[in-house]
Amino acid sequence: MEQLLLLIFLPLAGAVITAFSGKSAKIISTVIAVISLGLALFMACSFIPDASTQFEANLPWISDLGIRFHAGIDGISMLVVLLTNILIPIIILSSYKHDYKNPSAFYALILFMQSGLLLVFTSMDAFLFYIGWEAALIPVYFICAFWGGKDRIRINMKFFVYTIAGSLFMLLGIIYLYLQNPAHNFDINAFYALNLDSYQQGWLFWAFFIAFAIKMPIFPFHTWQPDTYTAAPTQGTMLLSGIMLKMGIYGVIRWLLPIVPQGVHDWANVAIALSIIGIVYASVIAFTQKDAKRLVAYSSIAHVGLISAGIFALNQQGMQGAMVQMLSHGINVVGLFFVLDIIYARLKTNKIEDLGGIAKVAPQLAIVFLIIVLGTVALPGTNGFIGEFLLLMGVYNYGIWAAAIAGLTIIFGAVYMLRMYQNVMLGKTNELTISFTDINGTEKLVLYIICALIIVLGVYPKPLLHLTEASVQHLLEQVNQKLNTVN
Amino acid sequence: MNIIITISITAFLVLYAGLFKANKALLPLTVVGLLTALGFTFCAWGGNAVHYGMMQTDNFALAFSGICIVGTLFIFLLTQNYFHSKSDNIAEYYALILFALAGMIMMVSYKNMAMLFVGLEIMSVSLYILAGIRKKDFASNEASLKYFLMGAFSTGFLLFGITLIYGATGSFDLDKIEAYLIANPQTISPIFYPGVILMMIGLSFKVGAAPFHFWTPDVYEGSPSLITAFMSTVVKTAGFAAFLRLFAGALSPLHEFWMAPLLVIVCLTLFIGNVTALFQKNFKRMLAYSSISHAGYLLFSLITLTPQSGSNVLVYAAAYTFASIIAFAVLILVKQKTGSDSFESFNGLGKRNPLVALCLTVAMLSLAGIPLTAGFIGKYLMFLNVMKEYQILLVAFAILNALVGFYYYFKVIVAMYFKDGAETELSTPVQYKVVLLISVVITIVIGIYPAIILNLI
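Read top to bottom, the protein sequences are chains A and B.
Following this note's numbering, the numbering of the first sequence begins with 25 at its first residue and continues without gaps.
Following this note's numbering, the numbering of the second sequence begins with 1323 at its first residue and continues without gaps.
Check each hint, because a few of them may be wrong.
In silico DSSO-like links for lysine-lysine, alpha-carbon gap of 30 Å or less [claimed, not checked]:
hint, chain 1, residue 1, chain 2, residue 2
1, A, LYS125, B, LYS1657
2, B, LYS1741, A, LYS121
3, A, LYS47, B, LYS1673
4, A, LYS372, B, LYS1673
Treat the hints as calculated values from the structure; they're not laboratory data.
With the hints as extra help, turn the sequences into a complete structure.
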């Protein structure tokens, strides 16, 4: 329990220290992020991969309203907690070459967000979950709107209002569940045990699903995403795409499926259809993008579409695939955005047609970029493969046509990602790219770590699968059992 | 009782101090008086004394008295240099605000409707003068006259209502009225119903709920900023306490009857307040409209009557009061420096005044209802309250309005941090810093651990 509290509140304390640290904010925030990572790894090592909830903290908070500080970690949570704590130090390191104005605020906001994210990923009390959900949003809004690029104010307002709209309706759903709960608390297990009829489950499904769908984002709730990703500072984009997006996926798994299984069962077809439409739609648009950053943003929508389809297929393969792919996608997309940031920092452009031939002048970047791209297009032997394979298998078990269309993502993805790589890195150098200097210092460090993760997880994904297996199985059993009793 | 006496005596002492031009003694004297009154509030806590059948100092009354006194204290702390630059007759400002406070204490603790009327009038008459206290200013005069005409009009409604209820029940006493309603559920006199409606209209005028809100924007904009701060926070809180005392108490057996018109008022208030606030270019006017929308959320507590209604209003009113005081304090500072209260004058504020900007950000987040601030807990309680009767559509409507709210509250944050401006450094006196910091701390503490005021009533 102490470990979990430390895990959640260490970044928050770090944020406070960082906020007053002035010029040394970079170093201090890095140290704190690395300590958090160490703690998370330590917890992962002492974690027993069965279906139980471990490190559980259950403290009274606002007793009159039935709100408790109830948090714990099972296999599913452990995975996203690891993802968060691996990516935050990487994201902070990736900013070393930047000289952001007001650095203490920048790094403090990142750490503050980390606390919010960890709260979301561990909380077992719906109210606490909601607090974490918003506590993660506010810092990233400020990061994107303060340090972002052109037209950032309007774009971030759209992003903010979009997400908060979703979460307010989720709050409505949470209050409703609370009132249905005879024990009058927000405990997740009490919510699991509720007997709701299919009409209630139907609208509750939408109240929650829209909040999660906006976060992921799933078609047609994605319209905020490409603009926001493009206008945000790179670290903001990494936070949004690498970690924050997983809040939506995690929410579906942890809250949506077990609480309203009947609603999920009734509406899964729609959810899968939307996911698959999103896959195809985003892939087609990604083809036509001229800006590499926007291309990656759209490819992210396609990947998330597949993850969501795999989850709503409601079977072991799809769910396990989603787990692995959450981690892989986080690592890969952060790598991609970092490479594009390196290119932008040197050449001040991310337009694909302006670039070319960078591989000749920057061979090291060419290799690591290739590894990341291959990971993204799910080449066997990289981390993307195992996840997408399981996801497709899951969707196949749901329906062969769905799998056929969803399978197109892999082909689509390979085409536009490799074409982007080709146009940016290969070919002739032009007068712009001739002066390109290869990666060095922290850039090397970050990219090597990312590549190592891509390859290691691709070759030996077993510990990862093992980590989540029991929890996923337990969750699906719970859902199926509840579905059977209702019918 | 001690509370009112203390405040009144302080007001008279202040007037005498003004007579002898002891301007330096005014603030200390007032602060001591208010702290004494606050002390009496604490001492009376837990008791339930009825004073001559006219007033009842139960925990409800004491809690709201406490908020009103603290709010007024903050307003006084903000007066330094503010009134002095505007007029020579400073003692009158102090005395009038104190008299208004005395009226409000009656409004939150009345047991007899005559006291409601007396308290309301003591407060209103003081406010009419305060609104127009800048004699030579056109807007201030306009504000005063409008406020007076509308106020007198609404008092008329209120009096009619009281009369009709008296005619039906033969008593001004809240308990007797309630007993009458319970004793004769089927045979309530037909003149009782219009009485209820008229009282609802009269009180809606006072708290600025739509469609009786027309006076608010002009009066709030025209009055001196500090008086506007006073009117939109402390006065509003007292108005709601009075509203609640009558409708959640004595008239609660008739809940079915007055809920329908109330629902109309709530929906209109939310919608008009939020949508018009969205289009304001002036920060002060935006606050005026947003105060209308907050009146809408506060009225949620009357839609579903539960034992918690009182404490819900208390939490919301506290959240709203302290956030608004921050907003007005910063507005006064900005206006002193730039001479304007438009949104543009906040541009670039964050760079040179990180503390002030941070305080205003917390205030705006609280008013918008972001978690970990008091405003969220307030909104949450109101939504929870209404959801208890599964008025899901009403909550959904309120959520849409809250979304609009995010938009205009964030306008200020955007201006402060993301827009380039003159980068003027504000001169922030110590009292302002104290008030800002205490208010921020209260806002965050209630947001994180609301249990401290949740159980008061």
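Each hint tested on the structure:
1. A:LYS125 <-> B:LYS1657: Judged against 30 Å, a Cα distance of about 28 Å means the pair holds.
2. B:LYS1741 <-> A:LYS121: Answer holds: LYS1741 of chain B to LYS121 of chain A is near 25 Å, not above 30 Å.
3. A:LYS47 <-> B:LYS1673: holds, 16 Å
4. A:LYS372 <-> B:LYS1673: With a Cα-Cα distance of about 27 Å, the restraint between LYS372 of chain A and LYS1673 of chain B holds, given a limit of 30 Å.
Violated hints are absent here; each numbered hint is respected by the structure.
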